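Chemist: Based on the sequences and whatever the hints tell you, model everything.
So the sequence lines, in the order shown, correspond to chains A and B.
My numbering numbers the first residue of the first sequence as 1 and each following residue consecutively.
My numbering numbers the first residue of the second sequence as 1 and each following residue consecutively.
These aren't lab readings, by the way, just hints derived from the structure by calculation.
None of these values were measured; they are calculated from a predicted model.
Even glycine gets a Cβ: it sits at the ideal position worked out from N, Cα and C.
Be careful, since some hints might not be right.
Unchecked claim - With a Cα cut of at most 25 Å, we get these calculated SDA-like pairs of lysine to any residue: (1) Lys183/A - Glu547/B; (2) Lys149/B - Val549/A; (3) Lys110/B - Leu303/A; (4) Lys110/B - Thr62/A; (5) Lys416/A - Lys149/B; (6) Lys343/B - Ser229/A; (7) Lys110/B - Thr548/A; (8) Lys110/B - Arg360/A; (9) Lys5/A - Arg396/B; (10) Lys149/B - Gly248/A; (11) Lys149/B - Pro215/B; (12) Lys5/A - Tyr527/B; (13) Lys110/B - Asp58/A; (14) Lys5/A - Pro346/B; (15) Lys183/A - Ser434/B; (16) Lys343/B - Arg224/A; (17) Lys5/A - Lys149/B; (18) Lys110/B - Phe586/A; (19) Lys5/A - Ile326/B; (20) Lys5/A - Asp337/B; (21) Lys183/A - Lys343/B; (22) Lys110/B - Gly402/A; (23) Lys5/A - Pro215/B; (24) Lys149/B - Ile565/A; (25) Lys343/B - Tyr79/A; (26) Lys416/A - Met405/B; (27) Lys183/A - Arg396/B; (28) Lys343/B - Asp58/A; (29) Lys5/A - Glu363/B; (30) Lys183/A - Glu574/B; (31) Lys157/A - Tyr79/A; (32) Lys183/A - Gly308/B; (33) Lys110/B - Gly563/A.
As the list claims (entries may be wrong) - Residues on chain A that point at chain B, a partial pick, calculated with CB under 7 Å: (34) Ala21; (35) Arg24; (36) Gln222; (37) Ala410; (38) Glu421; (39) Glu424; (40) Ala425.
Here are the chains, one letter per residue:
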Amino acid sequence: MPIDKVTLQILSNHCQAAAGAMARTLMRTAHSTFVKESEDFTCGLATPEGKTFASPFDFGATWFVGLDYARGLSLIDRYDEGDVVICNDPYSGFVCTHSPDMHIWKPVFHDGEPVCFAVGHVHNTDIGGAVPASLSRQLTEVHQEGLRLPPTKLYRKGELNRELVDIVMANVRMPEQNWGDLKAQYASVNIGEARVREIVARFGVETFREGVADLLDLAEAQARRVIRSIPDGEYFFADFMDEDSPDGYPARVALNLVVKGDEIVFDYTGSDPQLASSIHVPTGGDERHVLMMVGAVYVLYTLDPSILRNCGLLRPLRCILPEGSIVNPRFPAAVGMRSLGVARLMSTIFGAFAQALPDRLQGGPGSGGPLLNVRTTDNRTGGSVMANISPITAGAGASAAGDGSEGCGANQAFFKNTPAEINEADVPIRILEYGLAPDSAGAGKHRGGLSTTMLFQVFAPHTVLTARNRDRMVFTPWGVAGGAAGKSSEFVLNPGTPGEVDLGNTDVVTVEPGDIIRVTAAGGGGWGPAHEREPGVVLADVEGGFVTVGGAERDYGVAVRDGAIDEAATARRRRAMATGAGNEFFGHSPGRVAFEKVWTRPLYDRLTDLLRRVPVNWRFFVKHRLFAAVEARGADDVDPDTLDDALAALLDEHPQLRERVEAAGPA
Amino acid sequence: MSYRVGVDIGGTFTDFFVFDETTLETRALKVPSRPDEPGAEVLEGIRQLEARFGVAPGEIAHFSHGTTVGVNTVIQRKGARLCHFATEGFVDVLELARLRTPDVYDLLSKRPAPLIPRERVFPVTGRLASDGGELRPVDRASVEAAVGKARAAGAEGVVVSLLNAYRNPAHEHEVAALVREMAPDLPVVCSTDVWSIIREYERTVTAVIHAYVQPRVSHYLTSLQNALREAGVPAEPLITKSNGGVMSAEMGKTACAQMIMSGTASGAIGASRIAALSGYRDAIGFDVGGTSADVAFIADGRPQYGVGETIGEFPIYIPTVSVTSIGAGGGSIARIDDVGVLKVGPESAGAAPGPACYGKGGERPTLTDAFAVLGYVGRTDLGYDAVRVDVGAARRAVKTLAGRMERGVEDTAEAIVRVAVSGMYLEVSKLMSSYGVDPRDNALIAFGGAGPMTACFLARELNISTVVIPTAPGVLSAMGGLIADLKNDFVRTVYADLHAGTASAIGEGFEALRAQGERWLRQEQGYGGPASYIHSADMRYRGQSFEIEAFLDADAIDAGDVAALEEAFHAAHEQLHAHADRAAAVQVVNLRLVALGRTPKPRFEAAEETPAAAEPEGRIPVHADGRTVPAALFRREDLRPGHAFDGPAVVAQSDATVCVTEGFRARVDGYGHLILTQRGESGCRSTR
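Modeler: Structure below.
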């Protein structure tokens, strides 16, 4: 029987307060900077079945709304009071999504029965493996990504499992940090347990159980109501990563979004196959896997910020996740840089929803800026210094409501920068410039947010720069409703000198004393045709330095002469723009337009279709061979049958592959 | 005869609190605020003080004043048209802030537009290194160009904030001198002269807020001085500061950043005084007004301080009494959302139209209306006769929801109270966990117009066993200003590891700060009494990104006792974060000094408590837990020290209504405070 709505609201407040207390305990006691600075953690309460129903929203990572612990919880046979379980294996229950994320759960008992679980995770700075910090795009197997623990009891009936701790500490690079974080997580679930006991004492166990079920139902009802406001239909969108591996070919995430009544299906058929890099998103085929839902949660919350953010929210949503693909990789695919994969998932979701609701959401995503880490030597002390200097962040896409947020926003809005003064005091580098990159935004009636750019100089030999999540050189955030795409990201060594080097999407580079590096994120996409932007607003952008005089004329058709609008020239230029404008909904980057001249949707669909017939371990290899075959033709509008021919040739070349393909039968 | 008068100017009412130094009696008064004519409400109040209580203006020997003019200027964005002269390559310090948007789950969320838009930010060529050394001298031509653009942009002031200036203010001062030479009429402020801390955004935004409010604050203080002079008040007015101290109004005209939070700080100081007097020295100040509730934590009778408090949409990095506003007050509106859940606030009926029962045009049900329906409010006029309560109007308003909730009007009102209180519980308990405050060790000091009405309900929810209601809860902020000390903060960034080699630099740094403090007290405030200095430093383990304030012993500083300074930090870290790493290198980011000159305090003397059962004026029906029960009705002015009674009871007084719910026992202490204790609990410890 549902409990009354007044009591429900009060119970909800108490559960939220419990989750908040867990978060604060974690933040106050954790050691690693990921917790304190990036707030890369979660905590909260889950039902005995593993459905999270309370989480803090003032702090913590934004990616884990509605995290379902069910598959992880079930891997433990028996829970006793005082047990605490940890798990960081992305392939054991698909609760954890990459190895540095250490998850924890503790059952809360009442009269011998578990009434809920106190749960959470922390991104450890390092969990061992091939590279410091355990993550790199170039890793190919999860085994290279550090120590993996399937769900294992850290405490048995309140007794610490010392051997387990020793094993973890022997395998990681900064054991004192891992140990500190683990203690903090333990303190956090204990606070959660204590608070739940207080709540149960206050409301009674029946009201607690029913109330929690009602909270999940309520979120579902709210979600369904929001979904009903979205026009029924099928909305297809695909977005690309520049490279599927270092110096590789593009990788596609394809989404067919099907909205029907109060339910949504996200069909990822047509997305790239499993690759030889670590950008996969490990879902285990779970059709409501939390990482598949990040973009959808953003969308639903943006449409209605009063919506409850718990597991119930995800009930009307369902994904189709082809096996052996980047959204459902088969063990032992590496998954460390799933953040890049998730970033592209979010942008496909935004692109699909933008077609359904062009006036209620922002257009393109914010993306294409790396997390920047420098390892160098302090010339005064000779000591080695390693530090994150700042995320280089992208502008948000524009919307019907207005221009995109400058420098950072939309799905990247949680980022914080590091002050230049702190960077210069802590790290022996000099920051020559940090700010917005003029003209970087996609033009539009409303323009995208400008990206940020940083120019800095290093002074010690063999300085290593890591730029995690480099992307968006070719496929930049797109514009919608006639708006233009944002400008490309860049990573350049010694710009404007004879020794200039375009570092492309490299994510690790060694530089030498005196070298100057420019890093720029991609600009946000525009909304609406640029020639419809008020000339006065364009002039204000010029006055503010957001747009240059040249950019105003080129991108917006507004001629600015001596600080004033040249009306006649503007009218002429804008007439030409209006005539020349197509009626495509999406405005894509020149790189994407050129790519899609060759790789039309039918061609790429055929590619992914064919690859599904190939065994998982062959797919990356075959994809590259098929790409090479298309490249060899050197023409636009390639007939999809070309791919069948190329595959047939490949099967002739490798009979052992033919055997496997024929054994599997037609796709 | 000699009077001390404290005045707090709020959005709706201006509160007066008078202390008679001869008889030790106190008086309180409210008059409507006059945002249209600042100073007018002060004149009106002084006139009424004389008419009602015979307080002659000429006998007002001390006048202190808290004001929201600074914070309102920021909220309403009505400040000066400023320019920012920034280091070339770093013109987006204000635009980017620290990136993060206000609601990170909302894809359309944006940072607030900066107080200085990008078109009024001009680069200046010149660069200092992070050690303060000059990499490139200031280029006069670039300043000339910036001044020209500032002129063209119609600038009313310039903020000079340059990279790494916290290490060496020379470039900022050089640029400011050039501006004064080129444009003598253009006011110019340097970031390092306002609050010289590392982190370019934090330092710049603090200086910008300062310069932004300065013209209005200065104009306002001049009007106030004139009004007092006109009224014949001989006392030079003192202004309460964000740090809980006071300074002269004359000083306030140039030290605006220091008085932004003037109004809210006064409340926390008042609550701290009540905490100290009542003996409940660890307490939570709970100041509930019409639209919001201000929460302040008090430890050992003193308010807590922080930096980075929020002013409107912006943070300010000056030491400020930590007060957090939550969006729930007496005027919070109740509604039913579209999935049928009852919500209260954050929308508020505010001062106009106000709750329906105030009869000023409000029709939607508010928290105050719910209390009126339940029978608690409406037993007397409020706001010192400024408001007449119409219970019928409250019922009509609450009835609009009763139908949809399929409940009676009283039950609906009770649901409104429960939901509102649980919302307050959520916010307050969040704050308690971030401050590490245990409800069992703290009393709740409830004040403001709506605090005494909601206190027992919230205390029950929070598991707090003791509630303290001051004698004049509606005017506690005005009282707070009256008892504040002369106080100023000074800062110097050192950003160095703590070891024997840096001890002398730290000693010298503090010596310089003390000289500044001495000058401020003696010369700028004309203070002749005994001065005291509080030494502290913002410290962290090397590699951490947040520093914490550790209080330092002056002798240890002078002796260069590094071990003692380090230990002070380890201990502070341990207290806040539950662990310390005594082997790790400690970094000193800022040295801080508080200069303090004690002002004479009103002497509140405790009367003898004569235990007796208080005699109620009558019995009234109130609705509680789904039924109607008789409650005792008392008038606050009839209660005497030692009086005691049990809830349910209502205490009516002219500035508030105290609800004593079932299960609480009330006692009047020697100062006239109402001490409400949950029965069956021993109550939290009083140290008196």
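Chemist: Holds or violated: Lys343/B with Tyr79/A, Cα cutoff 25 Å?
Modeler: violated, 38 Å
Chemist: Hey, Lys110/B versus Leu303/A, does the alpha-carbon distance stay inside 25 Å?
Modeler: holds, 16 Å
Chemist: Verify the proposed pairing of Lys157/A with Tyr79/A, using a straight-line Cα cut of 25 Å.
Modeler: Cα-Cα ~9 Å, so holds.
Chemist: Please verify whether Lys110/B and Asp58/A have alpha carbons no more than 25 Å apart.
Modeler: At roughly 16 Å apart (the allowed maximum being 25 Å), Asp58/A and Lys110/B satisfy the hint.
Chemist: With the threshold set at 25 Å, check whether the alpha-carbon distance from Lys183/A to Arg396/B stays at or below it.
Modeler: violated, 55 Å
Chemist: Is the straight-line distance between the alpha-carbon of Lys149/B and that of Val549/A 25 Å or less?
Modeler: Roughly 18 Å between the alpha carbons, so the hint for Lys149/B and Val549/A holds.
Chemist: Hey, Lys5/A versus Glu363/B, does the alpha-carbon distance stay inside 25 Å?
Modeler: Status holds; Cα separation ~24 Å.
Chemist: Lys149/B and Ile565/A: Cα distance at most 25 Å?
Modeler: Holds, at roughly 19 Å.
Chemist: Given the proposed pairing of Lys110/B with Thr62/A, does the C-alpha separation stay at or below 25 Å?
Modeler: holds, 17 Å
Chemist: Next pair to validate is Lys183/A with Gly308/B; report whether the Cα-Cα distance is within 25 Å.
Modeler: Cα-Cα ~29 Å, so violated.
Chemist: Within a Cα-Cα threshold of 25 Å, do Lys416/A and Met405/B meet the stated pairing?
Modeler: violated, 44 Å
Chemist: Decide if the proposed pair is consistent with the structure: Lys343/B and Ser229/A, CA atoms, cutoff 25 Å inclusive.
Modeler: Holds, at roughly 23 Å.
The structure shown violates the earlier hints numbered 5, 10, 12, 17, 21, 23, 25, 26, 27, 32 and 33.
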